[in-house]
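Trainee: Keeping their order, the protein sequence lines are chains F and R. For the first sequence, position 226 (counting from the first letter as 1) is numbered 226 according to our numbering, and the numbering increases by one without interruption. For the second sequence, position 4 (counting from the first letter as 1) is numbered 4 according to our numbering, and the numbering increases by one without interruption.
Hints were generated in silico from the structure; no laboratory data involved. On a predicted model such as this, the values are computed, not experimentally measured, just so you know. Any given hint could be a false lead.
Any copy, or any two copies together, can satisfy a pair, since identical chains are not distinguished.
Claimed, not checked - Derived lysine to aspartate or glutamate pairs resembling DMTMM-like cross-links, with alpha carbons at most 25 Å apart:
| id | residue 1 | residue 2 |
| --- | --- | --- |
| 1 | Lys307 | Glu697 |
| 2 | Lys352 | Asp831 |
| 3 | Lys376 | Glu361 |
| 4 | Lys311 | Glu268 |
| 5 | Lys558 | Glu830 |
| 6 | Lys668 | Glu714 |
| 7 | Lys627 | Glu41 |
| 8 | Lys365 | Asp831 |
| 9 | Lys307 | Asp249 |
| 10 | Lys133 | Glu830 |
| 11 | Lys133 | Glu379 |
Number of protein chains: 2
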Amino acid sequence: MPGEQIPHANPSPVSSSLPDSVLDLAVNLPLKDALSESDRESVTKFKRAADYIAAAMIFLRHNILTQETLKPDDIKPRLLGHWGTCPGLTFIYTHLNLLLSKNPEVKALLTVGPGHGAPGILSSLWLEGSISKFYPDEYPMTLEGLTNLVRGFSTPGGFPSHINAETPGAIHEGGELGYALAVAYGAALDKPDLLSVVVVGDGESETGATAASWHCHKFIDPVTSGAVLPILHVNGFKISERTLPGTMDNKELLSLYSGYGYAVRIVEGVGSESSDPKGDIDANLAASLQWALKEIRSIQNDARNGKPRAKPRWPMLILKTPKGWGGPKQLDGKILEGSFHSHQVPLPAAKKDETQRKVLEDWLKSYKVEELIDPKTGELDEAIKRIIPKQRMGQLKESYDSRTPLDLPDWKDVAIQGVNNQTNEQTKSGEQKGQEEERPQQSEMKAVGAYLQKVIEKNPETFRIFSPDELESNKLDATLDESHRELQPDQYTKGNGRIIEVLSEHICQGLMQGYTLTGRTALFPSYESFLGIITTMTIQYSKFNKMAREVPFRGGPKATCGTIPSSINYLETSTWARQEHNGFSHQNPSFIGSILNLKASDARVYLPPDANCALSTIKHVLNSQGKVNLIVGSKQPTPVWLSPEEAEKHCEKGTGIWEFASTEGGKKPDVVLVGIGTEVTFEVVAAASLLKKLVPELRVRVVNVTDLFVVGREGSHPHALSEAEFADLFNQGGGVVCNYHGYAKEVQGLLFGRDGVENWSVEGYREEGSTTTPFDMLLRNHVSRYHVAIQAVTFASKVNDEVRKKQDEVVGELERRIKEHQDYLQEHGEDLEGTYDTPVF
Amino acid sequence: MPGEQIPHANPSPVSSSLPDSVLDLAVNLPLKDALSESDRESVTKFKRAADYIAAAMIFLRHNILTQETLKPDDIKPRLLGHWGTCPGLTFIYTHLNLLLSKNPEVKALLTVGPGHGAPGILSSLWLEGSISKFYPDEYPMTLEGLTNLVRGFSTPGGFPSHINAETPGAIHEGGELGYALAVAYGAALDKPDLLSVVVVGDGESETGATAASWHCHKFIDPVTSGAVLPILHVNGFKISERTLPGTMDNKELLSLYSGYGYAVRIVEGVGSESSDPKGDIDANLAASLQWALKEIRSIQNDARNGKPRAKPRWPMLILKTPKGWGGPKQLDGKILEGSFHSHQVPLPAAKKDETQRKVLEDWLKSYKVEELIDPKTGELDEAIKRIIPKQRMGQLKESYDSRTPLDLPDWKDVAIQGVNNQTNEQTKSGEQKGQEEERPQQSEMKAVGAYLQKVIEKNPETFRIFSPDELESNKLDATLDESHRELQPDQYTKGNGRIIEVLSEHICQGLMQGYTLTGRTALFPSYESFLGIITTMTIQYSKFNKMAREVPFRGGPKATCGTIPSSINYLETSTWARQEHNGFSHQNPSFIGSILNLKASDARVYLPPDANCALSTIKHVLNSQGKVNLIVGSKQPTPVWLSPEEAEKHCEKGTGIWEFASTEGGKKPDVVLVGIGTEVTFEVVAAASLLKKLVPELRVRVVNVTDLFVVGREGSHPHALSEAEFADLFNQGGGVVCNYHGYAKEVQGLLFGRDGVENWSVEGYREEGSTTTPFDMLLRNHVSRYHVAIQAVTFASKVNDEVRKKQDEVVGELERRIKEHQDYLQEHGEDLEGTYDTPVF
């Protein structure tokens, strides 16, 4: 059959054509005496117990110690969790415990990448007492607790099959693959004492996020940050095919990861076709972990004693064990252990098929769990207890209770003064002359940059900026006056720079997440169009966040301990409305939509209309906890509409009438003009001004929305306006002209269910763009002042006879201006400098 | 000043601690005699001309050959395009032309990764006559044509600063970085004669997409596919910092890329701190390209002659040239060439600042362009013409005119028979007994898999499936009966497998794009929750697509040549509604929203409600051109509602009344129930059935929407229903209860502007999930039959007095059932097998 895949045994790949000299890259260690007999007893027993429990979690609901012959009713109705990766994870966990029990001063955090391997981690966590600590009622250290753990796994209310916020010690949602490595690096930053161990699956290592993240050690300053120890776990197979590392021989693996910059130690020695004749993999891993710790200390000591190494080669382990190691060897002639057939559940019909059930029983009994866990009391064997360390990985405070709030300066210290809406108030019923010209101008990002400079100054060890190579382009360069970019192998780097720039949004997001969940605060500024690259990472983070609020140990409403971490914070700029010069590929506001779909309790989207509002907003988000904050602003100089005091009030409410731009303060309007976003609000104000000249009879109210969620129907979001507030603000006159920065469908979706929505017109980015002038971008997307004004006249005509009389004439005039603009552009486009409103007729 | 970055000269990184033996990995070549004097003259002159034109494009609008002293008015008002990367690109282009002119049988496609380097490519394309070929009116091979090219660049209507669909020969939107490499690999598949050359920028190489894609050669069968030659262009800097490769010395680079599996040749020899004492980089690149071609042919010949090499090491070049090579050396003591200061525009004030203008003039004059292009006629120097190959990279048919439509089998051959809605019609006014039980059941994915098997059979060289390791889990395993997974280093691979599985959505997307834009058709099946990983890649592809329709050579409505390629096709399954077992991280329908925001002309979203509709849809999308198609379906067995004939009609219309499930065929309904998506439609049908039992007086109409865009307001999408059709179908009775698979906001946004939207209730995925039973997933997200029924009764009560009388009682009963379910789950959850509707009370 052409489709039949041969069930490979453990990989024995073709030898590569790399020269043997590559083998010089391998770290070799003497294994003799690496493990005392007593330690060997401990690790063997801990692992046996952990493997047994993991297997039981996948299969059993009764008879959980397999003391009786297995009956169909003992087997779960649905078998979940992936056995394939579990024995490797318990092996690592066991030996890390040995390492930590020998080195009690080491604080280790474990991040686990491989998918659906939760049974292996949960079983280890139960053995070390961490599950009981956080779930004393459900999972005490008794037979009953163990029964609940096994029986409840992957059923409603029990632990799921992948690592998540319910898992003690975890700082990472483990369902979607690829993010563990960068997260582990983020955790190590600014924690000089932390050993951040991360297990990367070989399937997971195929992802872009992981492939990029191997470089992250280049951002680690050995003086001020901790260390990351990556363990690439190669068992050779994904669901039903080899992994890429599974096809690579040792020469290739050594070459690749040495090229990334690591000192690589390959740990192998088990399995039918092992290349290590000694085969003592326990001694091997024990010695390798000790070596890694020694290497790390040595690199750190050198650097901390003023003798930093150039390009230190941080240690890394490649652990090769068979897939489903220790599980059933084969079934009906099909190889299980060491093949992809044990990736998920190796005996899927164990409930109904007697043969499979017998194989399962033999397998489970082979662990002799009764020697390890007292079947009467649940007491653990002494050898197991000996290697449970004092500082357990499942209970490290850094993972659940470690937030240091930022010491935040007053944003008004850098606010833009000189805004005088009172003066404008006086002139506004008059000719509106010079309104815009008199206003101070400031780039929102310049203002935010000045504020961030102060944040860095006051928080030199607990605040970081992760950015994909656009900090200066995004006008946040003031931050570089206080700190600098961190890039260790650059000979000019001074270390401990607060800014990491790398052209991988995946790395930025992973670092931010690891940094934030271990108690610090970060900001991720980016070009608007490219934040969508990490859409799913944000979603996964938000899922972790949501669950964290519901568990008893992460500071949520029902928690008995823990702290809610700082929010993660995105700052989008270089928005489509000012990407006229970089062209169509740089014009994309889609990330807003990703945030809108997150749980309302977490999600926040702010579009501050000017620099003072941007300042108020950045202060607010850096101070907040447990949210996913997105700020969208402009990097170009734009008018400052509100004084610092006005901005503060406006941002608190999230929206408000801009009296200075409205007719008689916005009372009794014929039409309401709404701006959501910097440039589109500018056009709304310009439209109001234009209308006052063309149709003085038309009464406008100008509203700005800075907190997008206020428009959603009452109750849909904590910030949503009440129905009464909404009606007061918007449902006035003949209609509402809404000029929105993102896709119109987003606001349209939010408005669903609001009264009066049939009288709204919403325009936003229409996916029209090119290299052109800024104003042409607005024209092409129908959010220019002319488009706003035309719609305004149309709406106002419904309620104002004077306006209706002039409607055709005014609309004709506005359409003429649009055309004139387009013609001018066609003729003179090549000569235009491209300022914002070139030339307004 | 702490923030001041030292303006690095060309990288001279600290030597790594890797052993010297790594240098054995380097490919060494004799350079003597690599370049004849005549060839040297040609490449020098071609490159000089290309560099001059590229620089002129960035700076000049008049005096484009710098024949006069530069005046302020000669300089563009806004300077765009990045000079930094251009000279490296022209260098590569020049030498590829030399290679092709020496080897006229070679068909080479060039994919260019580095951002904003378009001037270097466009200038080369103009010199070889490819721009004139496709834009004969705007850019003829005359001085006028050249003037238009230079003057129009990065102005409205001119070429933008990055590669896009307007660029002849391009198959890739070059604004967002990271995708070039995978795209180039996709193009090479099944084109045994193609040489797919790809330039990867060193900044770009930091991205996850690129980092993962280096492994792609492992999917290339040297017998049936062409070759990819990657050129990593290291100029050391991003916008304002070193790149990661810029900090790596040759040992590290060799180690890394050899580890990926390449035979690496480092091409260097220019710049102040060159490590190549000979410094003859022209000879070096010429020899290196010849070597690469020879290597490729040798690998291919061996394989094609039945002697395939195990793990062939395909060639790869690492080209090191200074940033802004050949540009001004310094300005005011600041180093320009070889530093990040020449990343973008090296003389930004050339228009206003006389000193800068003078530096610019000297620089431009240094190229002596008058020796290369006749200032009177525009005629090119003979030496330049000598290396313009017969098969020019800008005119390769594969890049714009090569679609081979699939030979598509009749989907009805694998359709599910035995659906008899006539029988049901007869019983429907009665007790509805056994309605569901009598229906045939089929997994949509199983059906699609069976069809795809036939597609593969009939199209063994023009159809491919790219999948992130979930083909079998997604129940598409029938495809493996006709073909197999391709993974070259796996000793069991037979070559030419139609299925590539790799756990990188980025690679899958890149391969699909390259494969499709060179004339073939592909399918990308995926777990629903993880397709969002490539959201921005899809957006960038769609931007390319949109522009391709507007240029004169890609088969669009205004084109004089070219063909519109096949659509790109996504198949989402393992949806949230059936990811109860994998838990919260696997529950996410957000990719639909990404497609909704694309241009309406391109975007298609289908949610076929059963296997026959899924078959009709897959046939349709595989036959379509120029679209981005998303199909969302279930992999679990579900009822087949429509006969093949009914399904065909239903899919053509995109929506329709399901008479068999409605009261009296859906006439005069009190309420309209709408299902969009498989499981949620199942619940709608169940709700209708339930209502008929509980409130026989209530008249329901059941509507299914299979083509999501039909609900959008008239004119918003080619498939949107007219207002009249919409009103006929939906606006009946007391309201519309819409049960949607995705986020409710999406449908709510689409409905904006439709009449009667205030009478709609829309529910969808609420971001609520866990490991639980399938039915509990529906309950948690308020899309269960009970939720539908409650809302239906509420709406119907507005128009039907009989219903109103029983409203409280029926709603009470339905709420009781919800609670009973929840209680049952709490008590028995651990014992439930988790079938779809366990247990319905």
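Trainee: All hints are to be evaluated individually against the structure, with a verdict given for each.
Mentor: Against the structure, the hints:
1. Proximity of Lys307 and Glu697 under a CA criterion of 25 Å is satisfied in neither setting, with 77 Å inside one chain copy and 86 Å between copies.
2. When the C-alpha separation of Lys352 and Asp831 is checked against a cutoff of 25 Å, the pair qualifies only between copies, where the shortest distance is 15 Å, while the shortest distance within a copy is 79 Å.
3. Proximity of Lys376 to Glu361 under the C-alpha cut-off of 25 Å is restricted to the intra-copy arrangement: shortest distance 20 Å within a copy versus 91 Å between copies.
4. For a Cα distance limit of 25 Å, the shortest separation of Lys311 from Glu268 across copies, 23 Å, qualifies, whereas the shortest one inside one copy, 27 Å, does not.
5. In this assembly of identical chains, Lys558 and Glu830 lie within 25 Å of each other by CA distance solely across copies; the values are 24 Å between and 63 Å within a copy.
6. For the homomeric pair Lys668 and Glu714, the shortest alpha-carbon distance inside one copy (24 Å) is at most 25 Å, but the shortest distance between copies (33 Å) is not.
7. Taking the shortest Cα distances, Lys627 and Glu41 never come within 25 Å of each other, neither inside one copy (46 Å) nor across copies (62 Å).
8. In the homo-oligomer, the alpha carbons of Lys365 and Asp831 lie at most 25 Å apart only across protomers (24 Å), although the nearest pairing inside one protomer, at 83 Å, exceeds that limit.
9. In the homo-oligomer, the alpha carbons of Lys307 and Asp249 lie at most 25 Å apart only across protomers (21 Å), although the nearest pairing inside one protomer, at 36 Å, exceeds that limit.
10. In this homomeric assembly, Lys133 and Glu830 come within 25 Å of each other (Cα to Cα) only across copies, at 23 Å, whereas the closest approach inside a single copy is 70 Å.
11. Proximity of Lys133 and Glu379 under a CA criterion of 25 Å is satisfied intra-copy only: 16 Å inside one chain copy versus 82 Å between copies.
Of the hints listed earlier, those the structure fails to meet are numbers 1, 7, in rising order.
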